[in-house]
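Colleague: Single-letter residue listing:
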Amino acid sequence: MLVQFIRFFRGYVDFTASGKFPERFLNITSRYGINLWNAKPSKKSINASMYISDYRKIRLAAKKSGVKTKMSSKHGLPFVVNKYKSRIGIPIGTVAGIILIAVLSNFIWSVSIIGAQTVSETKIKQVLSKNGVETGCYKNNLDVQKIERDTMLEIDEIGWMSVNITGSIASIEIKEKAKKPKIDSNTAPCNVKAKCDGVITNIKAKKGEVQVKKGSGVAKGDLLVSGIIETKMNTIQYVRANAEMFADVIYKKESSIKSDYEYTFPNGEKTYRDRAFLMWFEFPCSMSFSSYENSVYSENSQNVICNDVVLPIGIKTKMQLNLKSVEKKLTKTDAEKIFMNDLLLFETFEKPKSKVVSRKVNVSKTGDEYCCKTDYVFNENIAYSEEFSVTD
Amino acid sequence: MQKNKDKHNSGGYAPFGLDMGGMPTIEMLGNRRITLEGSTGILLYESNNIKINTNKMVVSFCGRGLCVRCISCSCVEIDGFVTQIEFLT
Numbered sequence: 076m077l078v079q080f081i082r083f084f085r086g087y088v089d090f091t092a093s094g095k096f097p098e099r100f101l102n103i104t105s106r107y108g109i110n111l112w113n114a115k116p117s118k119k120s121i122n123a124s125m126y127i128s129d130y131r132k133i134r135l136a137a138k139k140s141g142v143k144t145k146m147s148s149k150h151g152l153p154f155v156v157n158k159y160k161s162r163i164g165i166p167i168g169t170v171a172g173i174i175l176i177a178v179l180s181n182f183i184w185s186v187s188i189i190g191a192q193t194v195s196e197t198k199i200k201q202v203l204s205k206n207g208v209e210t211g212c213y214k215n216n217l218d219v220q221k222i223e224r225d226t227m228l229e230i231d232e233i234g235w236m237s238v239n240i241t242g243s244i245a246s247i248e249i250k251e252k253a254k255k256p257k258i259d260s261n262t263a264p265c266n267v268k269a270k271c272d273g274v275i276t277n278i279k280a281k282k283g284e285v286q287v288k289k290g291s292g293v294a295k296g297d298l299l300v301s302g303i304i305e306t307k308m309n310t311i312q313y314v315r316a317n318a319e320m321f322a323d324v325i326y327k328k329e330s331s332i333k334s335d336y337e338y339t340f341p342n343g344e345k346t347y348r349d350r351a352f353l354m355w356f357e358f359p360c361s362m363s364f365s366s367y368e369n370s371v372y373s374e375n376s377q378n379v380i381c382n383d384v385v386l387p388i389g390i391k392t393k394m395q396l397n398l399k400s401v402e403k404k405l406t407k408t409d410a411e412k413i414f415m416n417d418l419l420l421f422e423t424f425e426k427p428k429s430k431v432v433s434r435k436v437n438v439s440k441t442g443d444e445y446c447c448k449t450d451y452v453f454n455e456n457i458a459y460s461e462e463f464s465v466t467d
Numbered sequence: 085m086q087k088n089k090d091k092h093n094s095g096g097y098a099p100f101g102l103d104m105g106g107m108p109t110i111e112m113l114g115n116r117r118i119t120l121e122g123s124t125g126i127l128l129y130e131s132n133n134i135k136i137n138t139n140k141m142v143v144s145f146c147g148r149g150l151c152v153r154c155i156s157c158s159c160v161e162i163d164g165f166v167t168q169i170e171f172l173t
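Protein chains in written order, with this note's numbering: chain C, 76 to 467; chain E, 85 to 173.
Note that these hints are calculated values from the structure, not bench results.
Be careful, since some hints might not be right.
Stated by the list, open to error - No farther apart than 30 angstroms at their CA atoms in a straight line, the calculated lysine-lysine pairs in the BS3-like style are these:
hint: 1; chain 1: E; residue 1: Lys-135; chain 2: C; residue 2: Lys-139
hint: 2; chain 1: C; residue 1: Lys-270; chain 2: C; residue 2: Lys-252
hint: 3; chain 1: C; residue 1: Lys-282; chain 2: E; residue 2: Lys-135
hint: 4; chain 1: C; residue 1: Lys-391; chain 2: C; residue 2: Lys-214
hint: 5; chain 1: C; residue 1: Lys-252; chain 2: C; residue 2: Lys-428
hint: 6; chain 1: E; residue 1: Lys-135; chain 2: C; residue 2: Lys-95
hint: 7; chain 1: C; residue 1: Lys-282; chain 2: E; residue 2: Lys-140
hint: 8; chain 1: C; residue 1: Lys-289; chain 2: C; residue 2: Lys-333
hint: 9; chain 1: C; residue 1: Lys-118; chain 2: E; residue 2: Lys-140
hint: 10; chain 1: E; residue 1: Lys-140; chain 2: C; residue 2: Lys-255
hint: 11; chain 1: C; residue 1: Lys-391; chain 2: C; residue 2: Lys-205
hint: 12; chain 1: C; residue 1: Lys-288; chain 2: C; residue 2: Lys-426
hint: 13; chain 1: C; residue 1: Lys-435; chain 2: C; residue 2: Lys-288
hint: 14; chain 1: E; residue 1: Lys-135; chain 2: C; residue 2: Lys-119
hint: 15; chain 1: E; residue 1: Lys-135; chain 2: C; residue 2: Lys-118
hint: 16; chain 1: C; residue 1: Lys-279; chain 2: C; residue 2: Lys-307
hint: 17; chain 1: C; residue 1: Lys-95; chain 2: C; residue 2: Lys-119
hint: 18; chain 1: C; residue 1: Lys-200; chain 2: C; residue 2: Lys-214
hint: 19; chain 1: C; residue 1: Lys-327; chain 2: C; residue 2: Lys-289
hint: 20; chain 1: E; residue 1: Lys-135; chain 2: C; residue 2: Lys-279
hint: 21; chain 1: C; residue 1: Lys-115; chain 2: C; residue 2: Lys-132
hint: 22; chain 1: C; residue 1: Lys-404; chain 2: E; residue 2: Lys-135
hint: 23; chain 1: C; residue 1: Lys-412; chain 2: E; residue 2: Lys-140
hint: 24; chain 1: C; residue 1: Lys-393; chain 2: C; residue 2: Lys-412
hint: 25; chain 1: C; residue 1: Lys-95; chain 2: E; residue 2: Lys-140
hint: 26; chain 1: E; residue 1: Lys-140; chain 2: C; residue 2: Lys-138
hint: 27; chain 1: C; residue 1: Lys-149; chain 2: C; residue 2: Lys-139
hint: 28; chain 1: C; residue 1: Lys-145; chain 2: E; residue 2: Lys-140
hint: 29; chain 1: C; residue 1: Lys-430; chain 2: C; residue 2: Lys-289
hint: 30; chain 1: C; residue 1: Lys-205; chain 2: C; residue 2: Lys-333
hint: 31; chain 1: C; residue 1: Lys-440; chain 2: E; residue 2: Lys-135
hint: 32; chain 1: C; residue 1: Lys-118; chain 2: C; residue 2: Lys-138
hint: 33; chain 1: C; residue 1: Lys-435; chain 2: C; residue 2: Lys-295
hint: 34; chain 1: C; residue 1: Lys-430; chain 2: C; residue 2: Lys-288
hint: 35; chain 1: C; residue 1: Lys-428; chain 2: C; residue 2: Lys-295
hint: 36; chain 1: C; residue 1: Lys-139; chain 2: C; residue 2: Lys-95
Stated by the list, open to error - Going by beta-carbon spacing under 7 angstroms, a handful of chain C positions derived as facing chain E:
hint: 37; residue: Ile-109
hint: 38; residue: Trp-112
hint: 39; residue: Lys-115
From the three backbone atoms N, C-alpha and C, an ideal C-beta is built for every residue, glycine too.
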């Protein structure tokens, strides 16, 4: 295999030496130190192969042995190069391509994260980027063990990680830590009190002596579960009371919006701008330069995916939308819809643990604005713990 | 003693330091490949007969599909199906 490789690089020819004494030709060439192989005899001739450099020297040997040599075929790199000598671009392109591949294979082209469940991949990528692993970094300088150590110190949720660099792909394997359950280590005695006025609907007392009954009304700060218990021995025991007290609580909410307002909306005019990108370099691909006075834009990036690997090559498309503003007058129905949406958002995000028992909405117009008064009845846990000193 | 040793080793291709008077060394791989050391030239080169001249004799190889695989100034390697070897003095 190696010999064939060397022969290909040096270039060799198959030739026929015909004459009266082809054996003599073999002897003379061997005496001159010319390497010859695959010598096959035929009638008064020999077919053999030799290096192109040696073939130029055998004229004297052929003359001495009285044979005529004729080249039958040429093989090897020198002939290929000679064939494309006039097309200089091909060998230059080939060499440039090889150099490009050799250079670019020293960089990380894709970073993939495997095993992240609760930790954000963006956060991991940011920390990795800070520690040196990012798309486009020089891979030969990376100290994998140090990167693993630093990343684990920075992101506490990671229990184990491994940075594997295969070719130009860095695949990060992660195992997250199992979360510890919250343990209340505080043992100081406490009472459970009401954090607002309400009517008790459900009692779930785990520890302590319950002071109220289902249906009883309580005011803010009232004692619900006491941390002082009387034992069977008629002594007093101080405990850390723990309970969930669900009560119907009245809640009032007021909001207002102006009846005349400026409404801004996209009027349908849009401009697309494409840019091709390669790592950090970006090249504009479209000629649309029109910009609007008042606009919003969204950007969409499409990367090239090759064999499930996201490459840092692709097209970024920026869509710019023209915004138009109009003066609008609000009707009562529209105002009601807006208020209803606001109330639903309020219930979902500000009172996520409360159950709506009733809701009374009253929309009225006062001057140039609509007012909304809402009377809610929420069913929620009103218990909170308050520690007390035993010496008191 | 040293002189005798030098005398035994000089001029011959035989192994073990024996003075064989420039006899050729023939190494055979079954009857398919033959390496001959001590050649002074090829006298006949045909596909069924190759005659090689050495210092003291002519070695003739008969067979089928014989060909010289490699040749240098004192060594010849023959490939093929060898049926007969003759030593002509």
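Colleague: Given the hint that Lys-95 of chain C pairs with Lys-119 of chain C, does the C-alpha gap stay at or below 30 angstroms?
Modeller: holds, 6 angstroms
Colleague: Has the given pair, Lys-289 of chain C with Lys-333 of chain C, been kept, meaning a C-alpha gap of at most 30 angstroms?
Modeller: Distance of about 44 angstroms is beyond 30 angstroms: violated.
Colleague: Taken at face value, is the distance from the CA of Lys-255 of chain C to the CA of Lys-140 of chain E at most 30 angstroms?
Modeller: violated, 95 angstroms
Colleague: Sort out whether Lys-333 of chain C lies within 30 angstroms of Lys-205 of chain C, counting only the CA atoms.
Modeller: violated, 48 angstroms
Colleague: Lys-430 of chain C and Lys-289 of chain C were given as a pair; does the straight-line alpha-carbon distance stay at or below 30 angstroms?
Modeller: holds, 18 angstroms
Colleague: Starting from Lys-391 of chain C, check that the Cα of Lys-214 of chain C is at most 30 angstroms away, please.
Modeller: holds, 26 angstroms
Colleague: Tell me if the straight-line CA distance from Lys-327 of chain C to Lys-289 of chain C falls inside 30 angstroms.
Modeller: holds, 24 angstroms
Colleague: Does the alpha-carbon distance linking Lys-135 of chain E and Lys-118 of chain C stay inside the 30 angstroms limit?
Modeller: Holds - the C-alpha atoms of Lys-118 of chain C and Lys-135 of chain E are around 16 angstroms apart, at most 30 angstroms.
Colleague: With a cut-off of 30 angstroms on the C-alpha distance, tell me whether Lys-118 of chain C and Lys-140 of chain E pass.
Modeller: holds, 29 angstroms
Colleague: Holds or violated: are the alpha carbons of Lys-393 of chain C and Lys-412 of chain C at most 30 angstroms from each other?
Modeller: violated, 34 angstroms
Colleague: Just to be careful, I want the Cα atoms of Lys-282 of chain C and Lys-135 of chain E compared with a cutoff of 30 angstroms; is the pair within it?
Modeller: Answer violated: Lys-282 of chain C to Lys-135 of chain E is near 114 angstroms, above 30 angstroms.
Colleague: Lys-145 of chain C and Lys-140 of chain E were given as a pair; does the straight-line alpha-carbon distance stay at or below 30 angstroms?
Modeller: Measuring from Cα to Cα gives roughly 35 angstroms; hence the hint is violated.
In summary, the numbered hints that this structure violates are 2, 3, 7, 8, 10, 20, 22, 23, 24, 28, 30, 31, 37.
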